[in-house]
Amino acid sequence: MTVTAPAPSGSLLGARAGGSRQLKNLTAMVLVYLSFGVALVPLIWLLWSVLSKGLHAVTRNGWFTHSQRNLTYRDPGGGAYHAILGTLEQVALCTVIAVPISLLVAVYLVEYGSGWLARTTTFMVDILTGIPSIVAALFIYAVFINTLGDQRAGWLVSLALVMLMIPVIVRTTEEMLKLVPNELREASYALGIPKWKTILRVVVPTALTGILTGIILGIARVAGETAPLLILVGYAPGINGNLFGGFQASLPSMINAETLNLNSGGTYGLVNGKVQLIHNYAVDRVWGAALTLIVIVMALNLIARLIARFSKVEQ
Amino acid sequence: MTRRDGDDEQLAPPPPVQEVIVGSSQPIGVGVPSDAAVSGAGPDLMAGGRKRMGDRVFRGLAAGSGGFIIALIALVAVFLITQAIPSIAKDHVNFFTSRDFSVRTEPLKFGIVDLLWVTVISSVIALLLAVPVSVGIALFITQYAPKALRKPVAYVIDLLAAIPSIIYGVWGIYVLAPHLEGVQRALYHLDFIPLFANKNVTTGSIFNASVVLAVMILPIITAIARDVFARTPNHHVEAAWALGATKWEMIRMAVLPYGRPGLVSGAMLGLGRALGETIAVLLILSKPPVGAPFTSSIFNGGQTFASIIGLNMQEANGKTETGAYIAAGLVLFVLTFVVNAAARAIVNRRKDFV
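Quick mapping for you: the protein sequence lines, in order, are chains A and B.
Residue numbers are given in the numbering used here: position 33 of the first sequence equals residue 33, and the series is strictly consecutive.
In the numbering used here, each residue carries its 1-based index in the second sequence increased by 1000.
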């Protein structure tokens, strides 16, 4: 019996699979494993920094019930209630506006879309995905403050966030609607049910969990957005629940405002009648607010993923 | 009997790619008259004339929302342009070549060249740092990691994308920056390259910002790289194995060439994100004094388009002053638009072959 086929270890690419080729192979593998490690370093480091520096502030009494009204970086106490309230309100208004528009766009693209309008819409959603948040904020500023003469307020932030939220929800919803089996639509049509009712009663409910995932990811995407806050609303250290008037705090703008106090620390002053180094409480507030924000955003991401598990359509 | 769906498709023949996507999600019209199946509007025919109202309203709403998105982008362009032009007209220096940015008082003197430099160099360096790592992680997820680990690893990398940019900024300047100082000092030895000249900015340099931006765009590039690598045709991989390739040779012969266009577009999407990043860069970069000489060193502070707008727009008053920042925003909009459109074009061209 003669064996003409190359031995298993042989190769047409080189003399044998040894020496420099094996060395290269090994180097590549080490580099690939290393690169994953390199990505883990900032993630763990960042999360640990926020947790270790912020936990003290967050677990203190009053963090979730008090504001920063009348407190300077020299005064202990206070909380992030005003900022949490502002974030919740701004994001809620944004969600109420963005969700119906996004769902309709996605339904249009999947159920009706063809021709130039659909192609242009798809392209524009892509462009919207890449639009920097500061440009979205500038646009809202140009329209509502420069042209219509409105005052800076929380609802303008919501409008800028709408522009950032729409592409996230459209993209996920689109994917989910495409996964709905055609048989379901056909069965519905066969019963004589009009197309719009089929979409509302059959297609959308089937894809509902996926759509919900998209909405929650959209909320997570905008909740930590800072650029619109910088130019569309002022930061107020007190509680302002009014989206339509006055300065309003939110978690990102609270972090930003407190960082401005960070360099003021380290001064000496009278504490209990003695000259002592005064603690800069802005440090606690920056990391406390950062921890609060990161927990909210991470929780939203986790919820989105959990919901996605219960999806009715095969991914 | 109106057949709006059918009419539309006959009027505007969709491109082949589009038709495949739409066709797969459209009912194929089994068991309905053949002409309906051909036009792709089967179901509408069956219901006859009685339900037209609801369908027309709903279709109108949906198409209107699509139109709204298009109008929105058009409006962004229109408003930015119309509000930037009056201020540019009042500009006493060349908008494209001046290094000044003095807009609080007349006469206005502002130009974008410094902003453009810092914006582009910080993003490009972030890209150079992020792409190799992203490729490595994508290869790890698709080629090296055990099957059970793939999803968790991908999820961990996605977590990087979930962290708000302001937290990256705070971490980048107060935690990371002191540790980067050593790296920066080591790179001073290469100061015969103008990029690495020592400018005595230890924390808050462009380099500092680039490292943080690199971490921020890492998940974006990785997500796309991982997607294209995973779709490498099996016969390419098998062919490489059959030649007796080592794993790395297989990756070089099959996976990387196949994934290159996707990787390029992923990198460009990451670049677009880095160009427009506001708060992280704003918190990190130290602001050089007004009138400081231009340097090409990445170990110096500076301002990007986004950071100068974010820093000053809050105190800006009146249409002339805000118009100057809107002009800077317009340039940023055009820049990111071009980068993103190019990235999408590459992705979509790829779809034709898949």
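Simulated from the structure, these hints should not be mistaken for laboratory data.
A quick note: this is a predicted structure, and the numbers were derived from the prediction, not measured.
There's no promise every hint is true.
As the list claims (entries may be wrong) - Pairs of lysine to aspartate or glutamate residues, derived as DMTMM-like cross-links and limited to a Cα-Cα distance of at most 25 Å, are as follows:
#	chain 1	residue 1	chain 2	residue 2
1	A	K53	B	E1181
2	A	K178	B	D1100
3	A	K178	A	D150
4	B	K1287	B	E1321
5	B	K1147	B	D1227
6	A	K197	A	E186
7	A	K178	B	D1158
8	B	K1319	B	D1158
9	B	K1090	B	D1100
10	B	K1090	B	D1114
11	B	K1109	B	D1091
12	B	K1319	A	D150
13	B	K1151	A	E183
14	B	K1090	B	D1227
15	B	K1287	B	D1158
16	B	K1199	B	D1158
17	B	K1147	B	E1321
18	A	K178	A	D126
19	B	K1147	B	D1091
20	A	K53	B	D1158
21	A	K24	B	E1181
>> Need the list of violated hint numbers for this structure, in ascending order.
In response: Those not satisfied are hints 2, 3, 8, 13, 14, 15, 16, 17, 19, 21.
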